[in-house]
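Asks: Spelled out from the first residue to the last, the chains are:
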Amino acid sequence: MKLITAIIKPFKLDDVREALSDIGIAGMTVTEVKGYGRQKGHTELYRGAEYVVDFLPKVKVEVAVAEGFVERVVEAIVKSARTGKIGDGKVFVSPLEQVVRIRTGESGMDAL
Amino acid sequence: MKKTYKKWLIASTAVLPVPVWGEDRFNGADTAWILASTALVLFMTLPGLALFYGGLVRVKNVLSVLMQCFVIAGAVSLLWLALGYSLAFTHGGELNPLIGGFSKVFAKGIGPDSLSGSLPESVFLMFQMTFAIITPALIVGGFAERMRFSAMLCFSALWLLLVYVPICHWVWGGGWLSDLGVMDFAGGIVVHITCGVAALVAAVVLGVRRGFPDVPMPPHNMTMTVSGAGMLWVGWYGFNGGSALAADGAAGMAILATHLAASAGALTWMFIEWIRFGKPSVLGVVTGMVAGLGTITPASGYVGPVGGMVLGVLGGGICFTATQVIKRVLKIDDSLDVFPVHGIGGILGSLMTGVLAAKSLGGLGLAAGVTVSHQVGVQAVAVISAVAWCAMVSFLLLKSLDAVLGLRVSRDEETEGLDIVLHEEKGYHW
Numbered sequence: 001m002k003l004i005t006a007i008i009k010p011f012k013l014d015d016v017r018e019a020l021s022d023i024g025i026a027g028m029t030v031t032e033v034k035g036y037g038r039q040k041g042h043t044e045l046y047r048g049a050e051y052v053v054d055f056l057p058k059v060k061v062e063v064a065v066a067e068g069f070v071e072r073v074v075e076a077i078v079k080s081a082r083t084g085k086i087g088d089g090k091v092f093v094s095p096l097e098q099v100v101r102i103r104t105g106e107s108g109m110d111a112l
Numbered sequence: 113m114k115k116t117y118k119k120w121l122i123a124s125t126a127v128l129p130v131p132v133w134g135e136d137r138f139n140g141a142d143t144a145w146i147l148a149s150t151a152l153v154l155f156m157t158l159p160g161l162a163l164f165y166g167g168l169v170r171v172k173n174v175l176s177v178l179m180q181c182f183v184i185a186g187a188v189s190l191l192w193l194a195l196g197y198s199l200a201f202t203h204g205g206e207l208n209p210l211i212g213g214f215s216k217v218f219a220k221g222i223g224p225d226s227l228s229g230s231l232p233e234s235v236f237l238m239f240q241m242t243f244a245i246i247t248p249a250l251i252v253g254g255f256a257e258r259m260r261f262s263a264m265l266c267f268s269a270l271w272l273l274l275v276y277v278p279i280c281h282w283v284w285g286g287g288w289l290s291d292l293g294v295m296d297f298a299g300g301i302v303v304h305i306t307c308g309v310a311a312l313v314a315a316v317v318l319g320v321r322r323g324f325p326d327v328p329m330p331p332h333n334m335t336m337t338v339s340g341a342g343m344l345w346v347g348w349y350g351f352n353g354g355s356a357l358a359a360d361g362a363a364g365m366a367i368l369a370t371h372l373a374a375s376a377g378a379l380t381w382m383f384i385e386w387i388r389f390g391k392p393s394v395l396g397v398v399t400g401m402v403a404g405l406g407t408i409t410p411a412s413g414y415v416g417p418v419g420g421m422v423l424g425v426l427g428g429g430i431c432f433t434a435t436q437v438i439k440r441v442l443k444i445d446d447s448l449d450v451f452p453v454h455g456i457g458g459i460l461g462s463l464m465t466g467v468l469a470a471k472s473l474g475g476l477g478l479a480a481g482v483t484v485s486h487q488v489g490v491q492a493v494a495v496i497s498a499v500a501w502c503a504m505v506s507f508l509l510l511k512s513l514d515a516v517l518g519l520r521v522s523r524d525e526e527t528e529g530l531d532i533v534l535h536e537e538k539g540y541h542w
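Which chain is which? The protein sequence lines are A and B, in order.
Going by our numbering, the first sequence runs without a break in its numbering and finishes at 112.
Going by our numbering, the second sequence runs without a break in its numbering and finishes at 542.
Misleading hints may appear alongside valid ones.
[To be verified] Derived pair list, reagent style DSBU-like, types lysine-lysine, alpha-carbon separation capped at 35 Å:
hint: 1; chain 1: B; residue 1: K471; chain 2: A; residue 2: K34
hint: 2; chain 1: B; residue 1: K391; chain 2: A; residue 2: K85
hint: 3; chain 1: B; residue 1: K443; chain 2: B; residue 2: K172
hint: 4; chain 1: A; residue 1: K9; chain 2: B; residue 2: K538
[Stated by the list, open to error] Computed spacing ranges between beta-carbons, pair by pair:
hint: 5; chain 1: B; residue 1: G390; chain 2: A; residue 2: I23; range: 36 to 46 Å
hint: 6; chain 1: B; residue 1: W542; chain 2: A; residue 2: I23; range: 32 to 42 Å
hint: 7; chain 1: A; residue 1: P10; chain 2: B; residue 2: A151; range: 37 to 47 Å
Don't read these hints as lab results, they were simulated from the structure.
Glycine residues also receive a C-beta, built at the ideal position from the N, C-alpha and C atoms.
The task is simple: from the sequences and hints, build the whole structure.
Replies: Set out below in structure tokens:
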């Protein structure tokens, strides 16, 4: 099992959700996060006082999938979240040791 | 009823050395307009100024600012009834040039039939009370995000009695500046100069907020600030229009000039930012509007609409520059820019009143036989004496309160935020 974590532009969330459900992904967790990469931050100016805002709002999407799904999911996210401009985000894939469905106690692949 | 009143008036003037201004005669239209204006001016503070200021501070201090505005409104109202009104607006005997007397403490002798000009005196007292409320509430912007609540309360109460009330008496209550012929239609000196100077002194005495100017302290809710600013603009119709103390052409002209000053001030500030920083900002527009309104206030009933526009442009431009100088050059943390906007606007407007009131410049005219240069001289004397008295007394008050109570919260408390530390509440739960 793998945990796929994607950091995307907030306004791309609906596209990503749609692309994932099109390939049969039935659940995900979404968090509003802040961060920066190559895009850097921006400046804000209030009555002439300038502030550099380093952290930009992003959305983190987490999906737990079986090994065989990884490539398709990553592809779907990359395709749907891309604008081609700097700041589109990243996708991380990491091993996932265990999954338990709380309601039933099922674990492993059955819980996905 | 009027007859009885007149008899009482004649009887009382025979005994007391109270000046009777013209002929007091009740007028329903005037009364209705000043009742409405009273509501408009209170609305400027609650919730207008409270929201305007509340949005400008950081999220951890939003309640402290709202609280200060509300508590000042309550405290000033009580003090105004107890002492303020009488000391500002009655005859002070031998001390009258400097301060009024005690004859109307707790509204003594003011009943439904008492008149002040064409208004019931209760209405006049209330209308003036709303001015007394907003002035210390405006000072909050100078010491925002770091002052102890107890010290703030004591300072506001004492400041009202020792600064606002005497200067109000000098200018509007028959004191020495009024004898000199000063022109302050709606409080450029009484309200805006005093609050601006006090805020500057408070900012200097308290010192900068922790981290200023390196740590970003952007407004936490601009929507709130813009909502409050809109209320201020509308409320100012009552502030300046109501200062005619009548429902007449002077009130109409005052509102017209006021409105144009606000518009011109907003656009001036916006264009300066646009040219200088590349983008027009929302905060710039609303700040320019307030600057225009503060600047027109002393002149509002004396200048024409074009005069209002000129003052708006000057207010927007000069207050913008003053804000940059105070914040960036002098590095004074007048946190919400009270002095550069209200203080400078008030000074500018008060001086320019002497010029733009002239008939030849579209104004409603100076007093008979008075030249522009003479009037500007009188205005300058009034400005200087108000600045000096206000700065001196505010400074002494703050220093004494610092010794007795302590003005500032501790470092850790300031970091944690006044809402939790002083009030055990939070503005938002998310």
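Asks: Decide, hint by hint, whether the structure agrees.
Replies: Hint check results:
For the proposed pair B:K471 and A:K34, the alpha carbon gap of about 60 Å is over 35 Å, so the pair is violated. Taking the CA atoms of B:K391 and A:K85, the gap is about 23 Å. The hint holds against a cut of 35 Å. Between the alpha carbons of B:K443 and B:K172 the distance comes to roughly 23 Å, so the proposed pair stays at or under 35 Å and holds. Taken as a hint, the A:K9 and B:K538 pair is honoured in the structure, with Cα atoms around 30 Å apart against an allowance of 35 Å.
In this structure, B:G390 and A:I23 meet the distance hint of 36 to 46 Å, their C-beta atoms being roughly 44 Å apart. The given range of 32 to 42 Å is respected by B:W542 and A:I23, whose C-beta atoms sit roughly 33 Å from each other. Restraint check, A:P10 to B:A151: a C-beta distance of roughly 43 Å satisfies the suggested window 37 to 47 Å.
Hint compliance for this structure: hint 1 alone is broken.
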